[in-house]
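Protein chains in written order, with our numbering: chain R, 2 to 800; chain W, 638 to 839; chain H, 2 to 469.
Any given hint could turn out to be false.
[What the hints assert, rightly or not] Think about it this way: if two alpha-carbon atoms lie no more than 27 Å apart in a straight line, the pair counts; the simulated BS3-like pairs of lysine-lysine are:
(1) H:K61 <-> W:K818
(2) H:K204 <-> H:K51
(3) H:K51 <-> W:K658
[To be verified] Just some of the chain H residues that point at chain W, by a computed CB distance under 7 Å:
(4) Y103
(5) Y155
(6) I270
To be clear, the hints were calculated from the coordinates, so they are not data collected in a lab. Predicted, not measured: the structure shown is a model, and the values here were computed from it. A virtual CB, placed ideally from N, CA and C, is assigned to each residue, including glycine.
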Amino acid sequence: MTTTEPSAANPDTEAEAPPPDPNAVQITINGRPHTARKGQLLIDAAADAGEYIPRFCYHERMTPVGKCRMCLVEADSGRGPAVTVSCMVPVSPDMKVDTESPTTKRMQEGILELLLANHPLDCPVCDKGGECPLQDQAFSHGPGESRMLEEKRHYEKPIPISDLVLLDRERCILCDRCTRFADEVAGDALIHFNSRGNNTHITTFPDEPFASYFSGNTVQICPVGALTAQPYRFKARPWDLSQQESTCTSCSVGCRTVVQSSRDELLRYMGVDSDPVNHGWLCDRGRFNFESVKSDQRVLQPLVRSGDGFQPVTWNAAMAEAAALISEALAAGGANSIGIIGGARGTNEDAHAWARLGHDVIGTPNVYAQMGDGLPNGLLAESPATIDEAANAATIVLLAPDLKEELPVLYLRLRDAAAKRRSRIIEFAPKQTGLTSYAWRHVAYEPGTQAAAVAATLSDADVAVQLAKGNVVIVVGRANLAESSAATIAALNEVRAAVPGAKVLTAFRRGNVVGALRVGMRAGAGGLDTRGMLQAAADGKIECLVLVGADPLADFPDTNLARRALKAVPRIIAVDTFLTGSSQQANVVLAASAYAEKAGTHTNLEGRVTALAREVTPAGSTRADWMIAAELALELGTDLGYSSVADITASIAENVSGYEDVTVASVAGDGVLAGVPTDLDAVEIPLPAVPERNAYEYRLVVSRVLYDKAISTVQSPSLAHLAPGATVHLHPLDLERVGTSDGSEVKVSGTRTSVVFRAVADDTVLRGTAWVPFNQPGPNVGELIDCFAPVNDVRIETI
Amino acid sequence: MSRLNEANVMLAKEIIGRYPKARSATIPLLHLSQQQNGYITDDAIAHIAELVGATSAEVLGTCTFYEMFKMVPVGKYLVNICGTMSCQLLGADELMHHAEQTLGVKAGGTTSDGLFTLEHAECQAACTEAPNMQVNYRHCHRMTTTNFDKLIDDLRAGRLEGEIPVHGTLARVRQQIPADKAAGVASPDAPVVPAWMPEAAQ
Amino acid sequence: MSTYPWAAGYIDDGDRPKVVTSRFHLEDGYMLERYHATGGYDGLKAVLKKSPTEVHDEVKTATVLGRGGAGFPAGTKWGLMPAGKFPRYLVVNGDESEPGTYKDRLLMERDPHQLVEGCLIAAYAAGLSQVFLYIRGEMPLAHERVANALNEAYAAGYVGKNILGTKFSVDIVLHWGAGAYVVGEETALIESLEGKRGEPRLKPPFFPAAVGLYGQPTIVNNVETLSNLPWLAINGTAAYTAIGTATSPGTRMVAVSGHVNRPGVYEIINGTTTFRDLLYGEEFCQGIRNGNELKAFVPGGGSAPWFTPEQLDLPFEGRLVGAAGSMLGSGAIMVMDHTTDIPKAALTLTHFYAAESCGQCTPCREGGTWLERVLQRVVDGRGTRADLDQMFEIGESICPGNFPHAASSKLGLEAAPFPYKMTTICFVGPSAYAPVHSALTLFRDEFEAKIVERKHIPVSVGVVDDHH
Ligand SMILES: Cc1cc2nc3c(=O)[nH]c(=O)nc-3n(C[C@H](O)[C@H](O)[C@H](O)COP(=O)(O)O)c2cc1C
Ligand code: SF4
Ligand code: FES
């Protein structure tokens with residue numbers, strides 16, 4: 002035992018002084034000693050010591066710029082009290098800080114008066130009124146009145162800077178927060194300072210809006226009401242809002258949010274600064290799709306088919322009907338003829354109740370939460386990495402779809418890692434992505450050659466040196482829906498063979514898909530996954546299909562198979578919030594509660610379990626999925642024993658591998674990381690032989706973009722129009738080869754059918770491949786995808 | 638149409654090549670564009686943004702920071718009358734007044750024939766020769782109303798074309814760095830110890 | 002002969018040593034041929050025979066003070082770069098825009114090779130691998146002359162690869178500005194050189210010598226500072242320090258403008274020449290115009306607090322002037338005789354700094370313009386007595402605490418010495434206040450004479466600026 006060992010290990014001896022912490026810096030704040038961290042900014046150290054220094058431009062997640070000057074204090078570093086910008090200056094040993102000296106106070110008053118000199122006093126009609134840092138600080142630190150008699154600066158009132166955000170330049174105090182966010186966090190420097198001196202203002206370039214997926218964050222961080230979001234403008238006053246912390250389930254990043262409502266109506270989501278997850282940011286889809294919860298298209302009560310349409314019925318009648326359909330199916334084809342697809346949209350508790358209904362009550366092994374657009378669930382068991390680990394790895398290997406489009410805030414985290422030079426990114430992708438320009442190496446591959454491309458790159462000496470530099474995290478997801486997932490697994494195996502210690506972050510996309518899979522929405526022994534169920538259904542082997550918030554017609558890559566399956570199945574039960582293409586074909590529709598209408602827990606892609614809040618009353622007579630499962634079980638003669646969400650949370654902790662520590666208490670705040678599951682099989686799927694591509698054909702690449710026909714987007718008026726629509730993108734030289742030009746229509750033919758798309762010249766697309774975004778308004782690329790083929794090639798002709 | 642023309646794109650690339658980071662060439666390229674078109678257009682900004690690898694909003698932000706870049710067409714001759722202290726002490730206000738009368742426009746305006754734009758300017762680094770003015774940034778020292786009138790006459794009559802080029806043209810001598818003589822850019826991304834420094838020997 | 006038509010402004014009457022203006026009397030002093038003929042590039046040749054460290058030490062020992070405004074010794078500044086960190090850059094500050102300042106333009110127009118040689122000596126001594134020569138945009142002639150000099154120097158093998166057959170290689174890139182006074186501030190200069198808006202960076206935490214252009218160690222030196230180096234290299238440290246005083250060795254170029262009989266740019270002996278010499282001396286300005294009385298003068302560029310005749314006997318020496326409540330700045334003296342409308346003169350300067358504010362920090366952006374508008378009101382005869390106090394209040398929001406000013410026995414005022422505290426990022430904000438503060442402190446009666454008490458204060462028009 003060495004002498005530096007803590008004295009607790011040595012109870013008999015006098016407690017020795019602990020070794021001095023090399024990172025501790027002793028300072029004095031307002032006469033009281035305080036231990037700060039080395040390199041810590043004075044403003045943060047003061048906050049730790051309980052002294053809040055007012056500020057406008059400073060934001061913990063962005064480079065300090067020291068522009069607003071509100072945070073000036075007097076600090077003495079040995080040469081007498083000096084005016085110090087506390088947001089720029091790090092603490093130094095023995096610094097004496099006075100945040101309340103007369104000079105400090107005089108400066109704060111002065112700055113506030115100057116800020117208000119040109120700021121309009123339209124607080125009563127300003128969205129920020131009531132939660133405005135300028136208003137608050139004017140009250141707490143200001144002179145109380147402005148003495149400027151001259152007329153204030155005038156600008157044209159709110160101008161749109163993006164589809165979702167408006168800018169009122171008269172209110173702007175030029176704190177550089179939105180512009181810094183755009184440049185340094187989002188990487189879209191599309192809003193910028195313009196002009197100089199007293200005329201300085203923020204603008205976008207004419208005809209080039211701030212078309213960022215992250216524009217809503219600027220509204221949240223604006224310290225005045227200069228930036229307002231179209232979906233929230235003039236909707237409520239902050240003091241009328243009630244709010245709860247929750248988790249965004251729009252994708253599987255699981256950003257921490259605050260859900261706000263007024264008079265039982267959802268009004269706004271705000272990002273919460275969670276260290277391990279989202280650093281306060283949200284993407285615009287996650288931030289603004291609360292509109293869909295309030296949509297008047299919601300299914301508000303259970304429906305039963307009647308002829309071509311539906312008949313609203315009572316819950317009793319609907320449950321009886323659903324139970325009857327299941328019983329009939331059991332009688333006709335046995336448990337194996339029943340399939341349950343879905344569960345990724347709900348809470349862990351929803352999924353667990355449905356998993357138990359399927360596996361234990363009905364007895365079918367055909368239960369699956371993925372929609373044929375993911376990867377084998379066994380990946381979740383393979384040395385999982387956290388988002389933080391990925392964003393701090395020496396090397397990040399991307400075998401993933403475009404994260405900016407599919408998991409936007411994960412994109413922000415990894416972009417930050419690369420832009421700040423903490424990490425180097427090696428990207429393998431069939432098409433350039435949002436991260437390509439930040440990648441140290443970008444390797445574009447033609448679908449089918451992924452593993453070979455990886456192998457070739459890893460044999461490069463520079464790459465080997467880089468991979469040996471330290472932690473490697475592989476981010477793996479389904480980059481191309483028109484290619485077998487086996488190709489991705491083969492590529493992953495190449496990396497893992499080369500870097501045995503690498504950790505894996507699974508970039509599964511859909512909201513709670515990881516939670517659903519882990520708590521039981523996955524195939525039992527001999528069971529089928531979604532593709533298997535749809536194929537069996539098309540073959541007439543499925544007697545009853547239950548869609549738990551699943552829309553195979555929209556989400557399953559092979560539309561033709563999905564359509565044949567739904568047509569052939571005699572009984573469909575849909576649990577849904579809207580009548581989608583798939584639930585419209587159901588015999589009975591069980592009206593489900595939506596996000597923010599039900600409590601529970603959520604598991605994000607790294608396995609973090611956090612809370613979901615119920616902030617508003619469920620619409621109509623809708624019920625949570627778990628309740629529907631529990632009642633259906635009762636109807637079928639089994640009591641699952643669940644009478645509350647907490648019952649199921651406890652049942653999950655008891656029964657689900659890795660969820661032992663999940664409790665109502667532990668999921669609060671940043672939540673708890675679930676342990677590695679031990680009951681998932683290792684992934685082994687054989688790589689099918691990939692046919693040569695005929696030189697006249699193009700290999701199809703299909704992936705998602707942020708805005709598509711997802712129901713929560715379509716049903717949010719602010720977002721719906723942002724989906725770009727289906728077009729086929731070809732490299733400009735290929736477009737020339739086809740003999741057509743940007744914007745013309747072309748016929749794209751696969752093995753089954755032809756679809757007409759508008760063509761787009763796009764040099765981010767690899768030559769010889771054709772990229773089409775999935776699930777877009779307009780022609781459906783899913784018609785061209787054969788989900789059993791290793792790759793899909795198409796012919797492209799002019800019309 | 639107001640993107641840089643082919644010859645200027647060549648020149649732009651040469652200029653960009655002198656800097657470790659392309660964005661440093663923003664101001665020189667804006668000058669080049671102003672020389673080509675007489676003022677800066679949105680298309681030119683978008684083109685320069687492409688060339689230097691910034692967003693158009695960033696280039697616009699830079700462009701509007703600097704007085705010399707005009708976002709709207711100005712006269713063939715930009716007449717800048719200095720109004721800062723030394724010139725003001727020695728009659729800048731009177732000179733400006735006279736100029737407004739003679740040209741028939743207020744400061745900030747352009748004559749209807751498109752020949753002159755009159756501007757109020759700040760210190761032109763010629764304070765001992767006050768009052769001063771510049772025509773297309775060519776200094777005119779110790780101005781009086783008489784020699785102002787003569788200058789305007791000469792400009793109108795085209796007698797000063799050789800000395801004062803049209804607005805947009807700054808220096809008529811450009812730096813040339815012959816490829817065989819260039820030491821090359823010192824990029825921060827590829828740090829090299831200067832060969833003549835003692836550290837290089839180690 | 003006193004002035005040279007091709008060097009308008011420069012006057013070399015008298016028998017003073019010439020360090021940087023020795024070629025100003027030559028019409029073709031800017032051509033390489035003439036430069037050669039007058040000892041040009043001998044300094045570089047001498048320097049290349051020594052080690053960089055030796056040359057650096059010489060500059061340090063000579064105490065070549067910065068001529069850009071702050072007066073920081075060049076050799077010491079070079080030594081602040083972190084050891085072993087490369088590349089390092091030299092950015093030459095040729096942005097001369099401070100009101101009253103007129104010397105760098107002359108140096109660039111009249112003797113560009115001297116500047117080029119100075120850059121090369123600095124680059125050699127401090128291990129700077131690329132030089133950017135930033136010339137103010139509104140100086141096309143300087144630009145042409147320097148471009149021509151560089152083209153000649155490249156052709157002759159003085160600049161570029163393997164200079165004069167040695168291992169010393171450096172490019173000098175000519176860069177030009179586009180009209181923004183604040184860009185003369187060294188960190189704004191760097192931002193501008195990076196293609197951005199010329200907004201000063203905050204220092205501390207980082208000074209350019211540590212983190213400058215592209216985040217690398219960077220030396221920013223003024224044109225005149227660097228133009229001293231060839232003479233120093235040829236004549237040696239002892240000869241250099243023999244001129245001037247121990248704390249202010251060498252010479253300085255000073256522009257005296259305004260109400261004097263012979264305004265001009267003079268190369269004076271540093272540290273000993275007094276303001277009285279300059280304003281009244283036979284070899285300098287020869288007195289106030291029309292035999293008028295001296296009312297006040299700005300001793301160091303538009304941002305300097307004002308002096309009155311009481312300070313005439315101070316020598317041109319940084320510390321003494323600082324203690325007396327002002328600064329030497331960039332070597333620009335502006336003289337006001339008794340006919341001067343003081344509030345209006347102050348307004349001219351305040352307008353300048355308010356208009357030239359970069360706009361990033363609140364006190365300067367808002368305070369400068371506010372000050373200007375209140376002062377404008379007063380000058381226009383629309384002000385109130387409260388406005389006068391208001392101006393001090395606004396000023397205190399820019400510079401809390403005592404603001405420096407000169408002593409005045411008439412007013413019973415003791416001098417408040419330099420420097421001041423400031424809430425701004427750079428000195429532009431305080432500069433907008435300095436003239437108001439000086440004028441109001443020393444000549445309050447002239448402001449009061451303009452006050453006409455009224456019930457209603459007419460409101461001036463708001464500023465609308467929108468490019469699109
Ligand atoms: C607002 C402001 C404007 C300045 N303008 C100039 C200028 O035009 N030319 C200059 O050489 N220095 C100027 N300076 C000083 C520079 O910041 C810097 O100190 C100088 O260039 C360093 O060179 P030196 O050490 O050789 O003097 C200015 C400083 C400030 C604060
Ligand atoms: S003081 Fe003025 S010029 Fe200087 S940084 Fe602040 S706003 Fe910009
Ligand atoms: S918060 Fe420090 S200057 Fe704005």
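Evaluated hints:
no.	hint	result
1	H:K61 <-> W:K818	violated (31 Å)
2	H:K204 <-> H:K51	violated (34 Å)
3	H:K51 <-> W:K658	violated (33 Å)
4	Y103	holds (5 Å)
5	Y155	holds (5 Å)
6	I270	violated (19 Å)
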